[in-house]
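Peer 1: With these hints in hand, go ahead and build the complete structure from the sequences.
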Amino acid sequence: MPEPVLFVTQHYAPETIGSAPYCTDVAEYLHAQGRDVTVLTGWPHYPDAARFAGFRPGDNQSGRKGPVIKRLRHWLPRQRSVAGRIASEVLFLLVGIWALLAGRVRRHELVLSLCPSIFSVVLGQLATAKDGRHLVIMHDIQSGLAGGLGMVRFSLLLRMMRIVERIALNRADGLLVLSEDMRTRLRHMGVQTSIEILPIWVDPAQIQPQPHRDRTAPLLLYSGNLGRKQGLDQMVSLAERLALSRPQIGIVIRGAGGEHDALEAALVARHVMNVRLEDLVPRECLADGLAEGDIHLVPQNPKGADFAVPSKVYNIMAAGRSFVTTAPEGSAVWRLAAESGAFMCVPPDDAPAFEAAILQLADNPGMRATMEANGRRHIERHHDRNRLLGRLDELLTMLSRDGEIMSPRARLLVLEPDSNGHTREWLGHIVDRAVGQTDLEVLWLVLARNLCDALRDRIAPQDRGRIRLVPLSAAEERACLSRHLIISGFARWWVMRRYLTSTGATAGHFLALDHLSLPFALGLGAVGRPVGGILFRPSVHYPSLGFRSRSWSEFVRDVRKSLLYRLMLLNRALAVVLTLDPFFPDYAAESYRGGHKVLALPDPAFAPPIATDAGLRGIRPPPHRKLLLLFGALSERKGILCLLEALCHVPVATAAGIAVVVAGKVAPEIRPVVRRALARLRKRQPQLWLHLEDRWLKDDEIAGLVRASAVVLAPYQRFVGSSGVLLWAARAGVPVLTQDYGLIARLVQEHRLGVTADVTDPRVLANAITHMVTEGPGGSFDPAAAEAFAAARNPVSFAATILATAGAA
0 MPEPVLFVTQ HYAPETIGSA PYCTDVAEYL HAQGRDVTVL TGWPHYPDAA
50 RFAGFRPGDN QSGRKGPVIK RLRHWLPRQR SVAGRIASEV LFLLVGIWAL
100 LAGRVRRHEL VLSLCPSIFS VVLGQLATAK DGRHLVIMHD IQSGLAGGLG
150 MVRFSLLLRM MRIVERIALN RADGLLVLSE DMRTRLRHMG VQTSIEILPI
200 WVDPAQIQPQ PHRDRTAPLL LYSGNLGRKQ GLDQMVSLAE RLALSRPQIG
250 IVIRGAGGEH DALEAALVAR HVMNVRLEDL VPRECLADGL AEGDIHLVPQ
300 NPKGADFAVP SKVYNIMAAG RSFVTTAPEG SAVWRLAAES GAFMCVPPDD
350 APAFEAAILQ LADNPGMRAT MEANGRRHIE RHHDRNRLLG RLDELLTMLS
400 RDGEIMSPRA RLLVLEPDSN GHTREWLGHI VDRAVGQTDL EVLWLVLARN
450 LCDALRDRIA PQDRGRIRLV PLSAAEERAC LSRHLIISGF ARWWVMRRYL
500 TSTGATAGHF LALDHLSLPF ALGLGAVGRP VGGILFRPSV HYPSLGFRSR
550 SWSEFVRDVR KSLLYRLMLL NRALAVVLTL DPFFPDYAAE SYRGGHKVLA
600 LPDPAFAPPI ATDAGLRGIR PPPHRKLLLL FGALSERKGI LCLLEALCHV
650 PVATAAGIAV VVAGKVAPEI RPVVRRALAR LRKRQPQLWL HLEDRWLKDD
700 EIAGLVRASA VVLAPYQRFV GSSGVLLWAA RAGVPVLTQD YGLIARLVQE
750 HRLGVTADVT DPRVLANAIT HMVTEGPGGS FDPAAAEAFA AARNPVSFAA
800 TILATAGAA
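Each residue of the sequence shown is one higher than the one before, starting from 0 at the first, in numbering that gives the first Met the number 0.
Because the hints were derived from the structure by calculation, they are not lab data.
Please note that a few of the clues may not be correct.
Said to hold, decoys possible - Derived DSBU-like pairs: lysine-lysine, alpha-carbon spacing no greater than 35 Å straight-line:
#, residue 1, residue 2
1, Lys697, Lys625
2, Lys697, Lys664
3, Lys64, Lys129
4, Lys682, Lys625
5, Lys560, Lys664
6, Lys311, Lys697
7, Lys697, Lys682
Peer 2: Structure follows, in structure tokens:
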């Protein structure tokens with residue numbers, strides 16, 4: 000029989016916004032799992048300052064069909080003020096203590112409490128029986144909100160609040176917070192209690208996307224609490240600007256709260272006529288209410304954005320609606336925008352930027368549709384109600400059984416002997432993320448010596464005890480980089496085992512797992528430690544993506560890979576397989592036992608510096624020509640030879656109107672062939688302007704060249720895997736011309752990033768270049784869809800996923 004639970008919270012149904020819906024979900028879910036749940040709460044009032052009209056003290060007391068509800072008759076201030084709120088919360092604590100002393104509420108072995116009020120946490124601790132366990136759910140850091148929003152201006156009072164919070168939270172047995180930012184803030188405050196992340200949840204079955212209404216102009220909607228941390232003055236400024244630029248766009252503000260009257264007065268004083276104020280819809284009508292808005296507004300007071308998560312954004316995404324939010328760059332909500340690709344984020348108190356974002360969405364239904372689909376997908380993957388509440392139930396069971404909610408902090412080892420390609424950049428992302436990863440005790444990076452040299456300055460002296468660089472010996476490096484895959488695979492497996500033993504790491508991660516498929520298929524382990532890695536080139540599922548034409552060698556390759564994958568996924572030592580191919584995890588889950596180990600990894604979008612002409616320095620194409628760019632590692636597989644041959648076949652008029660830049664390091668084995676091809680091309684097309692830059696370019700150089708280009712060329716020769724070229728081009732709003740095969744083709748076609756063609760045929764490639772130069776990419780390229788594609792793939796998500804999955808292994 001599951002342990003009974005006492006849940007202490009000031010907020011509960013019938014309150015419909017704020018923390019109450021989530022508290023109600025928690026209690027009802029735990030009751031449905033067979034737990035006896037008692038909710039100790041107060042009068043329903045939020046967001047108003049007075050008890051709900053018509054509410055009777057005996058309401059919801061029985062517990063026959065749900066949790067037992069026990070309400071404390073605490074005092075509620077008639078008018079909102081800091082002193083009144085603190086007094087109300089203190090009285091809630093005192094009345095709760097009296098209920099415990101009087102025996103009206105018994106102390107429990109397992110207690111949950113909700114904080115934004117630290118006094119509810121104190122009451123939860125007092126309600127915990129001797130040798131019992133107390134778990135705190137934190138939706139806000141109260142002292143941070145109070146100081147950031149200017150609610151408490153006395154530094155002494157703020158210090159006292161932080162001291163009370165630190166003492167109370169350190170006496171709990173575990174904390175559940177909404178984000179990594181909250182965990183970091185609490186650690187900085189001196190909170191040492193075990194902390195787990197449990198984000199806001201949504202019931203995707205209850206909130207379903209609905210079609211937009213047929214309107215001449217989109218309707219903007221704000222729905223939620225009208226309080227100080229919402230930054231409502233930003234909506235007034237927005238409404239004023241839209242009344243002048245787009246008077247046909249209406250704004251509806253639904254809500255209640257302490258700032259309602261001030262908001263209404265501001266609208267009247269500034270003669271804003273395009274805003275309609277309405278009451279909140281009932282909770283059971285939430286999905287319909289959200290669907291009424293075409294674009295939602297989520298302003299925030301920037302001084303509180305670090306401490307509070309705007310929970311309404313998850314409901315909006317579940318409802319399949321796009322929105323614009325205001326928040327400081329680098330905040331949690333700004334990162335959520337990048338991770339989900341579901342909404343736009345602009346700096347706070349920047350009315351022109353707020354208006355511009357709204358108009359961009361209003362004028363681009365395709366962009367809105369892409370964001371709406373991204374948002375719904377993000378909710379289903381990361382914020383599903385039943386999955387997260389199931390996790391809460393597991394944590395409660397773990398707490399009552401083991402006395403803690405977290406296993407010891409991870410000690411992770413990452414192995415990478417190859418310094419070519421994007422390895423250095425990706426390791427940099429992992430280092431940056433690991434610095435703030437409080438649940439990571441130590442990270443060993445066992446790398447090629449030149450990688451260690453490149454990363455050493457990136458690690459601050461105070462972090463070098465937690466992030467340790469270990470250079471491979473020359474012999475180890477040679478073996479791991481052998482051209483014979485069998486030798487390199489077994490060498491990497493042996494090196495991983497050696498360093499797992501010598502460092503005492505609890506888990507290992509191969510930055511490139513493709514080499515290890517044979518050792519793991521043979522069932523080899525890793526000295527009893529779980530390991531994982533990134534599988535860069537799965538191709539066995541390409542026929543399921545619509546690419547059924549395969550050469551005999553490709554067929555044999557995929558049969559071999561499929562057998563190896565089937566066997567390696569059965570290996571118990573292999574805990575997780577990450578892939579940049581978003582279509583492979585579903586295929587693996589359906590096709591292989593152990594396929595559930597395969598998880599999608601966000602491709603880390605490059606983050607070019609501010610655009611300058613640095614990329615054009617020394618490379619001066621004629622200004623009247625359209626620039627075509629091929630950059631990166633210039634190997635035969637990249638298509639440089641096919642491109643040079645194709646340029647021989649473009650019409651004379653096309654050749655006279657284009658400039659071609661080929662930039663990157665030419666592979667040594669094809670350098671003589673490239674020289675001969677260039678000589679032949681210059682002889683056959685003297686009017687063509689072409690520049691070869693045979694060296695690795697810096698990021699700012701690439702950024703300048705990409706932004707100056709009309710077309711980015713990626714003529715891969717039936718390449719398997721993804722390419723960072725797509726992200727560079729998408730972020731710059733430039734179409735690509737690439738192969739019509741594999742993952743690259745599927746991404747380009749699905750996200751409308753450019754044109755695909757059989758680029759293995761020089762004449763077909765020549766025709767595609769001619770068409771793009773003369774006619775443009777047409778409907779094959781959508782700048783808004785490309786922007787959303789790039790926004791959903793970023794270094795933060797990439798590194799966080801690696802550290803989270805590797806550490807969990």
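Peer 1: Work down the list of hints and note, for each, if the structure agrees.
Peer 2: Right, here's what the structure says about each hint:
1. Lys697 <-> Lys625: Given that 35 Å is the threshold and the Cα spacing comes to 23 Å, the pair holds.
2. Lys697 <-> Lys664: The hint holds at about 12 Å.
3. Lys64 <-> Lys129: 30 Å, holds
4. Lys682 <-> Lys625: 21 Å, holds
5. Lys560 <-> Lys664: Holds - the C-alpha atoms of Lys664 and Lys560 are around 30 Å apart, at most 35 Å.
6. Lys311 <-> Lys697: 41 Å, violated
7. Lys697 <-> Lys682: 32 Å, holds
In summary, the one numbered hint that this structure violates is 6.
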